[in-house]
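2 protein chains.
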Amino acid sequence: MSAPRYDVLAIGNAIVDVMSPCKDELIEELGLVRGGMMLVDMDRAHELYDAMGPAREISGGSAANTLAGLSALGMQCAFIGQVADDQLGEVFAHDIHAVGIDFDTATRAGPPSTARCLIFVTPDGQRTMNTFLGASQFLPADALDEELIASASVLFLEGYLWDPEEPRAAMKKAIAAAKAAGRKVAFTLSDAFVIERHGDDFRALIEAGEIDILFANKVELTALTGEDDFEAGIASLAPLVPTLVVTRSEEGAVAVNGAERAEVAADPVADVVDTTGAGDLFAAGFLAGHVRGQSLRHCLAMGAVAAAEIISHYGARPEEDLKDLMKKRFG
Amino acid sequence: MSAPRYDVLAIGNAIVDVMSPCKDELIEELGLVRGGMMLVDMDRAHELYDAMGPAREISGGSAANTLAGLSALGMQCAFIGQVADDQLGEVFAHDIHAVGIDFDTATRAGPPSTARCLIFVTPDGQRTMNTFLGASQFLPADALDEELIASASVLFLEGYLWDPEEPRAAMKKAIAAAKAAGRKVAFTLSDAFVIERHGDDFRALIEAGEIDILFANKVELTALTGEDDFEAGIASLAPLVPTLVVTRSEEGAVAVNGAERAEVAADPVADVVDTTGAGDLFAAGFLAGHVRGQSLRHCLAMGAVAAAEIISHYGARPEEDLKDLMKKRFG
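As given, the protein sequences belong to chains A and B, one line each in that order. The opening position of the first sequence corresponds to residue 4 in my numbering, with each subsequent residue numbered one higher. The opening position of the second sequence corresponds to residue 4 in my numbering, with each subsequent residue numbered one higher.
Fair warning: there could be bad hints in the mix.
Same chains, same label: a pair holds when it works inside one copy or across any pair of copies.
[To be verified] Okay, derived cross-link-like pairs now, DSS-like style, lysine-lysine, Cα gap no bigger than 27 Å in a straight line: (1) K176 x K187; (2) K26 x K182; (3) K176 x K330; (4) K26 x K221; (5) K187 x K326; (6) K175 x K331; (7) K26 x K331; (8) K176 x K26; (9) K330 x K221.
I should point out that these hints are in silico values taken from the structure, not numbers from a laboratory. Bear in mind the structure is a predicted one, so any value in this text is a computation, not a measurement.
So here's chain A without its partners, still in its complex pose (with noise of 0.2 Å):
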């Protein structure tokens, strides 16, 4: 076994973020659900689009935003996903190259367009999330290089890919090139609606051993497992996973480690502008933590450090130095 290339490979849906506030009202208004992420055809995004105010676009995807913050905390990071050769693919590749992430997976001629996700911000930063699939969905079983999933010491997965047939199919077949070369595969659960549809699957994967880290929030934790006691949801999940990590908003996280178990508050922010890429980044932080050898305790508060740097300005990537900002707290 050669010395991994890369610290880590995620596999994600390529989408760029149409992100614009909104007042409360509107979310009831256009039948949304506060907080959640649902998919839409074009027709609806094109309905949401015209109900949506003024709007920035920001590149996104849950796996991608991940990855940018473990490059911007100094990760040798690589991405695979499935843009179309259109304007807002060529935005979503331009994002990513500029963070120092190698993406090489070929465009796809259209139609349909790059994957979109229309988000609606309320005053009090919540997002909510439509996402409309287009390109992403398409992502080929032939896209998932095995010799460059041999070459990262991690597999990084997002529970979304699940939704679009093609890459569910492609999943396993990257999990096993991962496994094959004795890579750890970690995974985050994405969404309490993904869990609904996929949540057999998921569980199949933790019950059979796939699954090395995985990243839940506490809504997540109650849909996977059954539990709604936050604590008999991790005393039945940690046991099936080597390293189990439960974010919990503005009360912190959790994270167990086989007989090791770490709790971290959140990190104070003065105005929570957006909540987009919370958890994304939180796994971020505690990613790259992982990768270095650094306690539980230490990851879980890089992820704190980090999910608080995105929800105190709109979009999913960082914008404040996130290597400063670890340096400033932990010196």
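Given chain A, put chain B in place with the hints provided.
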């Protein structure tokens, strides 16, 4: 002469801004002129985009930004400008419609694509702009609906329109239509380099009495009049236009209306994030006051409030409620 249907009709380049923070050194490395606007071709645009960090896309265009401010202040507005039939064109149209502005110029089948402006923002908040005019340079004379022009109290034009050949030729037609309908023509000089290229045209328009309200900053005042001394510049230009408005960044602004002169200080801003759109929004505040028949001093003060809002965040479109800000300031 019937009552106007619109307060302000603007004609301008239809541009999406691609904005990224950058270090001071990058401006030099790329051979850019700090604070200016350069026209770039597709090759240079790609070269600059490749050198740019992760960016965000926000609709822009000088006159369109002014109009977004006017609309936020309750003015009835319409826009004429050329986008291509592409994703950035959709973004531009969405964002202008979303703030209640009428915009019906037919999209143009590409290539070239919709105009974009690559904006490097240095740590002091100064913006350095590189515009690929794309579809915008093909705004045809027949897009300038004379009835529409006659239906607006004020026709607002940006000096940037003189760069592309087709719109430049069309502008005289637009001005003639406005004048024939007894409307006012407002004009912004846009940029010192634009004046280098088209100063003779601008001076001819002004001397012919075609411009009723002229917006300039102090650098543009010098470029147009050849007077290095601010007061000498004002003295040479003011007699030629009914209303002259000259901004001077943190030193505030001056307006001259015949024998009347007013001045205003800049509004304090805690943290200048990005000066893109400062002049555009100053013009919006001033024009909103002007249309409502406010005093010259009050128009300037409204301009200062709108400019202060825009430089406190990324992007040249208002994010805070400008009506609220005016109410807080003026009661």
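Hints and how they fare:
no., hint, verdict
1, K176 x K187, "within (14 Å within a copy, 68 Å between copies)"
2, K26 x K182, "neither (46 Å within a copy, 42 Å between copies)"
3, K176 x K330, "neither (38 Å within a copy, 61 Å between copies)"
4, K26 x K221, "within (26 Å within a copy, 40 Å between copies)"
5, K187 x K326, "within (24 Å within a copy, 54 Å between copies)"
6, K175 x K331, "neither (40 Å within a copy, 58 Å between copies)"
7, K26 x K331, "between (36 Å within a copy, 21 Å between copies)"
8, K176 x K26, "neither (43 Å within a copy, 42 Å between copies)"
9, K330 x K221, "neither (29 Å within a copy, 43 Å between copies)"
Checked against the numbered hints above, the structure breaks hints 2, 3, 6, 8 and 9 and satisfies the rest.
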